[in-house]
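K.L.:
So the sequences go chain by chain: B and G. Going by our numbering, the first residue of the first sequence is number 3, and it counts up by one from there. Going by our numbering, the first residue of the second sequence is number 11, and it counts up by one from there.
A portion of the hints provided could be inaccurate.
Footprint (simulated), chain B over chain G, 3 or more residues, beta carbon under 8 Å [stated by the list, open to error]:
(1) 34–45
(2) 67–80
(3) 96–106
(4) 117–125
(5) 132–146
Stretch-level coverage of chain B by chain G, calculated; a stretch enters the list once three of its residues show a Cβ under 8 Å from a Cβ in chain G [to be verified]:
(6) 20–33
(7) 97–108
Negatives, chain B to chain G, calculated, CB over 12 Å [to be verified]:
(8) Leu-47
(9) Asn-64
(10) Phe-74
(11) Ala-126
(12) Thr-129
(13) Pro-200
(14) Val-203
(15) Leu-204
(16) Ile-215
(17) Arg-231
(18) Glu-236
(19) Pro-239
(20) Val-246
(21) Ala-249
(22) Leu-252
Simulated from the structure, these hints should not be mistaken for lab results. All C-beta atoms in this analysis are idealised placements derived from N, C-alpha and C, irrespective of residue type, glycine included.
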Amino acid sequence: MNFLRTLRKISAFFWRDLAIARGYRGALVLETLEALFGVATYYYLSRFVESPELARELPAGNSYFAFALVGFAFFDYLSVSIGAFDASLEEAHQNRTLEALLVTQTPLPVILAGSALYPFAALALRTCVYLAWGVLLFGFLPQGANWPGAIAILFASVLAFAGLGIMSASYQILFKRGNPAKWIVLGVSGLVGGMMYPISVLPRPLQFLARLIPVTYSLEGMRAALLSRAGWREIWPSIAALLVFAAILLPLSFTVFGWALRRTKITGTLTHI
Amino acid sequence: MSSPTIAVEALEKFFPPALSGWRALIQPVTRPTELALAGVSFTVAPGEAVALVGPNGAGKSTLLRILATLIIPTRGRATLAGFDVEREAAGARSQFGYHTGGDEGFYGRLSGRQNLVFFAAMNNIIGTDATQRIARVADWMRISEELDRQVRTYSTGMTHRLGLARALLHGPSILLLDEPTRSLDPLAAADFRRQLKQELVGRRGTTLLFASHALSEVEEIADRVVLLEAGRVLACDTPQGLRASTGAPTLEGAVTRLARRPFRSEALP
Chain B
3 MNFLRTLRKI SAFFWRDLAI ARGYRGALVL ETLEALFGVA TYYYLSRFVE
53 SPELARELPA GNSYFAFALV GFAFFDYLSV SIGAFDASLE EAHQNRTLEA
103 LLVTQTPLPV ILAGSALYPF AALALRTCVY LAWGVLLFGF LPQGANWPGA
153 IAILFASVLA FAGLGIMSAS YQILFKRGNP AKWIVLGVSG LVGGMMYPIS
203 VLPRPLQFLA RLIPVTYSLE GMRAALLSRA GWREIWPSIA ALLVFAAILL
253 PLSFTVFGWA LRRTKITGTL THI
Chain G
11 MSSPTIAVEA LEKFFPPALS GWRALIQPVT RPTELALAGV SFTVAPGEAV
61 ALVGPNGAGK STLLRILATL IIPTRGRATL AGFDVEREAA GARSQFGYHT
111 GGDEGFYGRL SGRQNLVFFA AMNNIIGTDA TQRIARVADW MRISEELDRQ
161 VRTYSTGMTH RLGLARALLH GPSILLLDEP TRSLDPLAAA DFRRQLKQEL
211 VGRRGTTLLF ASHALSEVEE IADRVVLLEA GRVLACDTPQ GLRASTGAPT
261 LEGAVTRLAR RPFRSEALP
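Excised from the complex, chain G in its bound form:
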């Protein structure tokens, strides 16, 4: 068996309590006591697609942000392609593309192309190589025709696709996505899921770890599901395995039975 591309070992994260007024001045040195992750462990094999599922506050985004080197864990260890995300953050950053489902994070006065050229340069991609890659990912994200417009004129979904294009620009071997289709219209979302599964994971062997509340999306993309609740892993199995072990006919039913409170996916009213 090949070594995992993503390895999370007994990861714990505590945040300091939120302070206000003059006490905010001591916030940076306040002891972290608020639990976000409690000993989370799992691995993701090369070319595998794994979904993080769980209610709001379960720790999905915190986990992704730790892997993206934006947060330092309190205890435990996580590696991306062998690089420790805390001690070898620069090496880890060369391995992944990261995108949150928001529509922010761009320079509104610049065009989509200028933004991508800039972020390509930040990932050591310049000149003709950058031009070719931008053309490829823009085509893939169906934003080629809008690329020379200022980003501030983009719709939410368009900015979101630009964000995904940015995450893919340097051809990362690992993709970390936080609610990747949150702002996409249903057709674009379906198209994106298909491309993600067939092209990136299936053909190029990209390892995918994504958080999602859309269980239909999880069923379509994920090889395995990590169910988190209150910072703990409740289950880690294939969607079929989760259904079989709980006797539930759907993934949503399985997740609801495993979680201590009802899980509301986006499909529910």
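Looking at chain B on its own, in the form it has when it is part of the complex:
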């Protein structure tokens, strides 16, 4: 009963956000075009940088464009995932709906989960748009890809990234804006996570650092599933690593968020902007 009630509430958030998004149809078209420009940039960049040395580091039979496209699309997934929770909080602050939500019979974790549902769904769609542009215009052909494996990687990534996102939201709720933790995570992930180049080209200390962040496993697993036609046996280590990150980060993030929320209720700054 409680579970059903929670699902209904979370779906109410989804329909709310969908109804709001329908009011901004122009933005949807522009985002689709933006994805096209992003994909085109990587295509022409790949034509410039392809070399025999680079080809040795890429999954067999793949171009740098395919490698970079998957990296770009799923790194975008990480960055928006991390920002989804604090963006929803910031929006609720700005339109002053946070206070109205907090006095309802919906606990804050459900408010957070519900608020992030639409951004995550929209993000999945955006990732598909990236890949679709690659397929339609630039010869990206993930033939024989392990799509169920890719979806499993995606779900495991969402769980791991959500932990980081909730931590980021904790900062947001305490300090309201200018979230350095988010940019540090994104900066480090961008440098060592393997978005634009294989992590094997990095110096050893950075390769070690790469093993400590979830995006590395997300990109490795995704490229294995989409580009190397890897089976479950090969992608399982990536999924397991992401689930370990989720098992650590999710409970930790809820604890941190609970503490942050209590502090803001003590300081009286919960609804301050």
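Fit chain G to the known structure of chain B by using the hints.
P.N.:
Positioned in the frame of chain B, the structure of chain G alone reads:
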């Protein structure tokens, strides 16, 4: 005598001092030293209407926000229908409707109806039940005809009425209102006061605690008045009792005599 619906016992609230620059980073763990409420105690009986009155900064909104579970008190205790607002916040939230006098807190791109459907769902009201309740409160707030327009096209008063409709949507036994008629035009305000007193408090037995600067409104609605100043209760009595004890002909005169500085209600220029 029945047990009180709202009980406030020796409630104290201190806020940390406002910090800026790099020191803002330690604000969340800074010791609270700024007094907002100092040992406030009073009770509200079931079906009673009580007004919180006092100058700006007296602690009225802070008190209401503590009761609405948005702020945690430093010391003391407050209960709503027996639920401790700090330890049993979820239970307390099922008992009250809360509305501040502002015109914000809605999704401007959604219609009034879509907003109410969403907030109804947040209070576990869905389907036909939600539709019927929305129709009822919209009719009551006289916004039925505007309900399918986007909220961003509403006037301030209209948004305010939508906020009141939202607070009433789940049929709460307690209403916490912060300046409930602040943005309403005089006719709408008079209409709202009449409905509040006759329908909600009189007929349905809803317990009402509201903050107001409009002493005419307080006289019209409140059974009792809690006069706050600098976080302390200066007096707690019926409007007639306050007038009698101070010898003042009006509530405004009584409040001014009790408070250490002149109280300026909205009626004054």
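K.L.:
Hint by hint, work out which the structure violates, then give me just those numbers in ascending order.
P.N.:
none
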